[in-house]
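Between the sequences and the hints, there should be enough to build the whole structure, so can you do that?
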Amino acid sequence: MRPNTMNKYGAVLDDIGMESMLHKLMEDFIRHISRVFFADVGGYSHDSHHGFVVQYGLNRDVELGFHVDDSEVTLNVCLGKQFSGGELFFRGVRCDKHVHNEALPEEIFEYSHVPGHAIIHRGRHRHGARPTTAGSRVNLLLWCRSAVFRELKKHNNGYASWCGDCQREKRERLIQAVSEKRRRCLGRGWFMIR
219 MRPNTMNKYG AVLDDIGMES MLHKLMEDFI RHISRVFFAD VGGYSHDSHH GFVVQYGLNR
279 DVELGFHVDD SEVTLNVCLG KQFSGGELFF RGVRCDKHVH NEALPEEIFE YSHVPGHAII
339 HRGRHRHGAR PTTAGSRVNL LLWCRSAVFR ELKKHNNGYA SWCGDCQREK RERLIQAVSE
399 KRRRCLGRGW FMIR
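Going left to right, the sequence shown walks through residues 219 to 412 as the numbering used here numbers them.
All clues given are correct.
Dumping the calculated DSS-like pairs for lysine-lysine here, alpha-carbon to alpha-carbon at most 30 Å: (1) K372 to K388; (2) K388 to K399; (3) K315 to K226; (4) K372 to K242; (5) K226 to K242.
Restraint ranges, calculated between C-beta atoms of paired labels, are given here: (6) R401 to D258: 29 to 39 Å; (7) V396 to G334: 48 to 58 Å; (8) E281 to R389: 29 to 39 Å; (9) A336 to E387: 32 to 42 Å; (10) V317 to R400: 27 to 37 Å.
Calculated directly from the structure, the hints in this document are not laboratory data. Ideal Cβ positions, reconstructed from N, Cα and C, are used throughout, including at glycine.
Okay, structure coming up:
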């Protein structure tokens, strides 16, 4: 079975007997980090995962297109080998409504894989991988999911506190509301004191 819809080379680790080990990794390690850094996307309540390895290189997948993961939090571990290229590029966290919007300069981030090192990020953090230009790169990925967060997200008709564009829209609405109130007050001869 393919590890996901974008990668052809790799394996689903849950299918080869590693499900309980990966669940323990999620519960004993990732959940504690997520509770601190990703509480706004269910970091306190991960209850399922999808674990897989992917391989990049000559006669394999070379790069990974721009996407978001099917997870609340993703662990990406570089298992190594000799390689060059394959840098991750990040372009801001977005909800479904804003997933295709442009990134702002402050949202642009590049990460170079180092064998034995890992990166943890929100699943909705838009990202991709540049081409692996030489050698072979192997990564272990663990998509951590929260049924509680996914259910709450269905009923949230407001803005997503973790989406950069939702935050900007909320700020703009607030600024507009204050400006309109100020205009009405001044039109009636009232003065606002800050």
